[in-house]
Amino acid sequence: MSVSNEDNMSPHMQLSSHFFGDLLDSIIVDVASECHRIARLGLDRNLEEEEEELRLSAQARVTVADPSNSGETNGKYVVDIFGQTHPSVANEVFDCMNCGRPIVAGRFAPHLEKCMGKGRKARAKATRSSTASQNRYSRGSPVSAYSSYSNSASTNRLSNGTYSHTVEEYSNGTCEEP
Amino acid sequence: MRTSVYRPPTPDDAVEEQEDQEKQPTLQEIINIKLIESGEKERLMELLRERLIECGWKDEMKALCRAFIKKKGSNNVTVDDLVHVITPKGRASIPDSVKADLLQRIRSFLVQAAV
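As they're listed, the protein sequences go chains A and B.
For reference, each letter of the first sequence is one residue, going 1 to 178 in the UniProt record's numbering.
For reference, each letter of the second sequence is one residue, going 1 to 115 in the UniProt record's numbering.
These aren't lab readings, by the way, just hints derived from the structure by calculation.
Among these hints, one or two may not hold up.
[To be verified] Dumping the calculated DSSO-like pairs for lysine-lysine here, alpha-carbon to alpha-carbon at most 27 Å:
{"no.": "1", "chain 1": "B", "residue 1": "LYS70", "chain 2": "A", "residue 2": "LYS114"}
{"no.": "2", "chain 1": "B", "residue 1": "LYS62", "chain 2": "B", "residue 2": "LYS99"}
{"no.": "3", "chain 1": "B", "residue 1": "LYS72", "chain 2": "A", "residue 2": "LYS114"}
[Unchecked claim] On the chain A side, residues computed to face chain B include the following (Cβ under 8 Å):
{"no.": "4", "residue": "HIS12"}
{"no.": "5", "residue": "ALA32"}
{"no.": "6", "residue": "CYS35"}
[Said to hold, decoys possible] Label pairs and their computed distance ranges (CB to CB):
{"no.": "7", "chain 1": "B", "residue 1": "LYS72", "chain 2": "A", "residue 2": "GLY83", "range": "17 to 25 Å"}
{"no.": "8", "chain 1": "A", "residue 1": "GLN84", "chain 2": "B", "residue 2": "THR87", "range": "50 to 58 Å"}
{"no.": "9", "chain 1": "B", "residue 1": "GLY73", "chain 2": "A", "residue 2": "VAL29", "range": "36 to 44 Å"}
{"no.": "10", "chain 1": "A", "residue 1": "CYS96", "chain 2": "B", "residue 2": "LEU47", "range": "51 to 59 Å"}
{"no.": "11", "chain 1": "A", "residue 1": "ASN46", "chain 2": "B", "residue 2": "LYS89", "range": "18 to 26 Å"}
{"no.": "12", "chain 1": "B", "residue 1": "ASP80", "chain 2": "A", "residue 2": "GLU50", "range": "41 to 49 Å"}
{"no.": "13", "chain 1": "A", "residue 1": "ASP30", "chain 2": "B", "residue 2": "VAL5", "range": "22 to 30 Å"}
{"no.": "14", "chain 1": "B", "residue 1": "SER97", "chain 2": "A", "residue 2": "GLU92", "range": "45 to 53 Å"}
{"no.": "15", "chain 1": "A", "residue 1": "ARG61", "chain 2": "B", "residue 2": "GLU50", "range": "42 to 50 Å"}
{"no.": "16", "chain 1": "B", "residue 1": "GLY73", "chain 2": "A", "residue 2": "ALA105", "range": "38 to 46 Å"}
{"no.": "17", "chain 1": "A", "residue 1": "GLU113", "chain 2": "B", "residue 2": "LYS72", "range": "23 to 31 Å"}
{"no.": "18", "chain 1": "B", "residue 1": "THR78", "chain 2": "A", "residue 2": "ASN46", "range": "18 to 26 Å"}
The beta carbon of each residue, even a glycine, is placed where N, CA and C say it ideally should be.
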């Protein structure tokens with residue numbers, strides 16, 4: 001494959017690059033359109049939550065920074081023994097150890113709720129297992145809880161059969177004795 | 001005959017009908033048509049898409065989009081904005097192996113199409 005020194009690209013190369021660029025442009029438009037759709041339909045939960053959190057922490061900072069709020073007869077702002085007032089919304093910013101985002105300390109609790117709850121499908125799984133265990137324990141005596149547990153297992157008929165079988169045996173035994 | 005979509009004849013077509021042989025299709029256009037008709041363009045695009053997903057290029061572009069959307073607010077963003085955001089970085093960050101592979105395939109198509 002000889003390439004002349006004068007031409008940077010042979011016509012074939014030029015043409016190939018042109019078509020490659022064509023393909024690439026189409027793919028770029030596809031990616032952009034997909035991201036646009038996700039953003040506009042609100043399908044990206046992380047994006048929504050971040051926007052909301054940014055708004056709320058900006059709000060919180062405004063209420064904290066507003067000097068007309070401190071002092072006076074506002075019950076929230078108590079002066080401590082050193083004469084310092086503490087803002088009702090802690091405004092230190094640090095990074096969440098779960099998702100790594102910078103969070104205002106005062107909004108950390110609701111953030112954790114969402115961060116640990118909706119991050120994966122862990123929330124659905126967690127509620128399912130917790131309600132299942134609640135149902136089990138709320139049935140009263142532990143014996144009925146055990147029987148309900150064995151019923152829920154797939155070896156249903158077998159366990160029932162053996163159980164009743166042994167019961168029958170016992171009753172037979174006690175009848176025969178006297 | 002009533003079609004479901006009414007499309008007025010494009011001026012280009014009307015012109016070409018009158019002045020028949022004045023406008024010859026360019027080489028590029030000819031090849032483009034050959035690519036599309038043979039199905040090769042579709043195949044190449046799918047291959048390129050797959051390669052770009054594999055190497056993480058698509059995720060990088062999506063991250064760029066998300067960062068831009070976060071900054072601008074999701075209600076003010078147009079597809080055009082995003083295209084302009086991605087295009088320079090996108091064109092530059094294609095892995096060389098992917099580019100070389102695709103170029104090779106296009107070139108062999110050109111050869112085989114006897115152009």
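For each hint, the structure was consulted:
1. LYS70(B) to LYS114(A): holds, 18 Å
2. LYS62(B) to LYS99(B): holds, 20 Å
3. LYS72(B) to LYS114(A): Cα-Cα ~23 Å, so holds.
4. HIS12: holds, 6 Å
5. ALA32: For ALA32(A), the interface hint holds, since the closest Cβ of chain B sits about 4 Å away, which is under 8 Å.
6. CYS35: Because about 4 Å separates CYS35(A) from the closest Cβ in chain B, which is inside the 8 Å limit, the hint holds.
7. LYS72(B) to GLY83(A): 17 to 25 Å: violated, 44 Å
8. GLN84(A) to THR87(B): 50 to 58 Å: holds, 53 Å
9. GLY73(B) to VAL29(A): 36 to 44 Å: Given range 36 to 44 Å: violated, Cβ gap about 22 Å.
10. CYS96(A) to LEU47(B): 51 to 59 Å: Since CYS96(A) and LEU47(B) have Cβ atoms about 40 Å apart, the given range 51 to 59 Å is violated.
11. ASN46(A) to LYS89(B): 18 to 26 Å: holds, 22 Å
12. ASP80(B) to GLU50(A): 41 to 49 Å: Given range 41 to 49 Å: violated, Cβ gap about 24 Å.
13. ASP30(A) to VAL5(B): 22 to 30 Å: holds, 24 Å
14. SER97(B) to GLU92(A): 45 to 53 Å: The hinted range 45 to 53 Å holds for SER97(B) and GLU92(A), with Cβ atoms some 47 Å apart.
15. ARG61(A) to GLU50(B): 42 to 50 Å: Holds: the Cβ-Cβ distance is about 46 Å, inside 42 to 50 Å.
16. GLY73(B) to ALA105(A): 38 to 46 Å: violated, 25 Å
17. GLU113(A) to LYS72(B): 23 to 31 Å: Given about 27 Å between the Cβ atoms, the range holds.
18. THR78(B) to ASN46(A): 18 to 26 Å: holds, 22 Å
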